[in-house]
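Given the coordinates of chain R, assemble chain C onto it according to the supplied hints.
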Amino acid sequence: MNQVALITGGGNGIGRAVAHRMAAAGMTVIVADFDHAAAEQVRAEIVDAGGKADALSVDVTVAREVKGVVGDVAQRFGRIDVLANIAGGSFYTKRIDDFTWAEWKKVIDTNLKGTFLMCREVAPIMQKQKSGRILNTASNYGVTGSALRAPYSAAKAGIIAFTKSLALELAPDGVRVNTVAPGPTDTPRVMEKETPEGRRQRWSSAIPLGRTAQPEDLAELYYFLTTPESAAITGQLFHCNGGLL
Amino acid sequence: MRLQNKVAVITGGAQGIGRAIALGMGREGANVVIADLQGERARSVADEAQALGTEAIAVEVNVASEVSVKRLADQTFEHFGRIDILVNDAGIYLKAPVVSKTEEDWDRTIDINLGGNFLCARAFVPAMRKQKSGRIISIASSIAHTGAREFADYAASKAAIIGFVKALARELGPDGITVNAICPGSANTDMPRRHRSEEETMARLRATPLGHILEPDDIAGPILFLASDAAAYITGQAYNINCGTVMI
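Just so you know, the protein sequences line up as chains R and C, in that order.
Mapping of the first sequence onto my numbering: residues 86 to 330, in sequence order.
Mapping of the second sequence onto my numbering: residues 96 to 343, in sequence order.
Hint data in this document are derived by calculation from the structure and do not stem from the laboratory.
These numbers come from a predicted model, not from an experiment.
Every residue, glycine too, gets a C-beta built ideally from N, C-alpha and C.
Hints are not guaranteed to be accurate.
Stated by the list, open to error - Away from chain R, derived, C-beta distances all over 10 Å, residues of chain C:
| no. | residue |
| --- | --- |
| 1 | Gln-110 |
| 2 | Gly-124 |
| 3 | Arg-138 |
| 4 | Leu-147 |
| 5 | Trp-201 |
| 6 | Asp-206 |
| 7 | Arg-289 |
| 8 | Glu-310 |
Claimed, not checked - Each pair of labels, with its calculated beta carbon distance range:
| no. | chain 1 | residue 1 | chain 2 | residue 2 | range |
| --- | --- | --- | --- | --- | --- |
| 9 | R | Glu-130 | C | Arg-299 | 46 to 54 Å |
| 10 | C | Gly-134 | R | Ser-231 | 48 to 56 Å |
| 11 | R | Glu-150 | C | Ser-139 | 32 to 40 Å |
| 12 | C | Arg-244 | R | Pro-257 | 26 to 34 Å |
| 13 | C | Gly-258 | R | Ser-231 | 35 to 43 Å |
| 14 | C | Gly-271 | R | Ala-122 | 34 to 42 Å |
| 15 | R | Ala-232 | C | Ser-139 | 55 to 63 Å |
Same shape as in the complex, but just chain R (with noise of 0.2 Å):
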């Protein structure tokens, strides 16, 4: 059977990179992401590489574009056996005290928020078929906090207890929901930040492995979790880290 997947921040980086993983296991990869050029080029490289898969864009904060979104998805490939939750990012690093209410809103909506209204929508989906995955991405510091991330922080906190929660209330149905913790990994947004050699200095010492992750070392763990390999795991945290944490 030819599995449907639907990736938010399929764009760039990391979900740019499980949108590869998942058409090169043979899905049908729906790229979705804010940005929706970014979105299109995904789709021609997939298509390019032998692959099946689709384009849109989407802000995940917006309850009835994701409502479109996903009713559009669903009536056109007929079901939706992956949800990876990818769409997010800390956008400022500063103190408690300089932030505005509508950043710190900002924060919060575009990584906790929007995973809410993903799930909210492709749940009952997945319900109905009485299978499906669910992959939401925390973060390290969805852990441990981090001084000038205090939003990211609390908003990837919560991701792992609402994934705890909606396995509870999916695993009835034989619908599995996991949490993804993505240490400090080389993708392009940050990297336009940071010099590789800075970020050598920067985490060499500090990562077991001594390296930073690549989009591709994520993209293993989320296509794991997706496998019959897996069946046995739902409401759990995987942190894929280089042994940082």
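Showing chain C alone in chain R's frame:
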């Protein structure tokens, strides 16, 4: 095949979860050493692995004995010349309330469940270091997180394995060796049946959020993933496999 030509040592490989891991690795192309206190059973699992077209040997070992573990390492190197994957699954599970637990039983549980991890790691790490690669995967338990009445020594030994794994991951990361633990929930093996009736065992196994009975292969799958190249960036973790019964 994800583990083609790798050499894997599985302690406690003669039955239950360890057997499923050994056969799973064999199916993925690894050569396997079935290391178990029960030599006869280990040989029969080695035969099963051979039938999959891989090379397998059985070694009788007491993981709580330095001499015996050294012999295991010697036989592994003699036969296969290398080690890529060490799975620490050998363990025991003795029931008694803390107030009446004997010192002998306490020592046995801690020495086998926890000490076996130390002795086996110590015996195989130098070879992994030399080749700048390796995978160590230890079987802890959900009970490390939840505790269990009348199994305090078992709970302590399994929680200690997680601490040991995290420390060892930090030590061995620079050598490209990953070290992880798996925390299974109660699985459909002989182990839970030792202290409960068949009916009670099955009722407990069914009572999970997923309503799925945890089978040895459900635990072997994630271990094959951790042993493969796909998990090269994962170290120091304790992943839970329990059908949703414990989330921590």
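**R/Ala-232 versus C/Ser-139 beta-carbon gap, inside 55 to 63 Å or not** = holds, 57 Å
**Item:** 10 Å Cβ clearance of C/Gly-124 from chain R
**Value:** holds, 16 Å
**Message:** Minimum C-beta separation from C/Arg-138 to chain R exceeding 10 Å: can you confirm that?
**Reply:** holds, 28 Å
**Verdict for R/Glu-150, C/Ser-139 (Cβ pair) under range 32 to 40 Å** = Roughly 59 Å apart at Cβ, these two residues miss the hinted range, so it is violated.
**Asked** So the hint says 48 to 56 Å: do the beta-carbon atoms of C/Gly-134 and R/Ser-231 match that?
**Response** Given a distance of about 52 Å, which is inside 48 to 56 Å, the answer is holds.
**Prompt:** Would the least Cβ to Cβ distance between C/Asp-206 and chain R come out above 10 Å?
**Reply:** holds, 27 Å
**Prompt:** C/Gly-258 and R/Ser-231, beta-carbon distance inside 35 to 43 Å?
**Reply:** Given about 24 Å between the Cβ atoms, the range is violated.
**Prompt:** Using the C-beta atoms of R/Glu-130 and C/Arg-299, is the stated range 46 to 54 Å upheld?
**Reply:** holds, 48 Å
**Message:** The output says C/Gln-110 does not contact chain R. Does that hold with a beta carbon cutoff of 10 Å?
**Reply:** Correct as stated: the minimum Cβ-Cβ distance to chain R is 19 Å, above 10 Å.
**Message:** At 10 Å, judged by beta carbons, does C/Leu-147 keep clear of chain R as stated?
**Reply:** The claim stands: C/Leu-147 keeps its Cβ more than 10 Å from every Cβ of chain R (closest is about 18 Å).
**Request:** Over 10 Å to the closest beta carbon of chain R is the bar; see if C/Trp-201 clears it.
**Result:** Label holds. Min Cβ-Cβ 31 Å, cutoff 10 Å.
**10 Å cut-off, C-beta based - C/Arg-289 kept clear of every residue in chain R** = Check passes; 22 Å lies beyond 10 Å.
Checked against the numbered hints above, the structure violates hints 8, 11 and 13; every other hint is satisfied.
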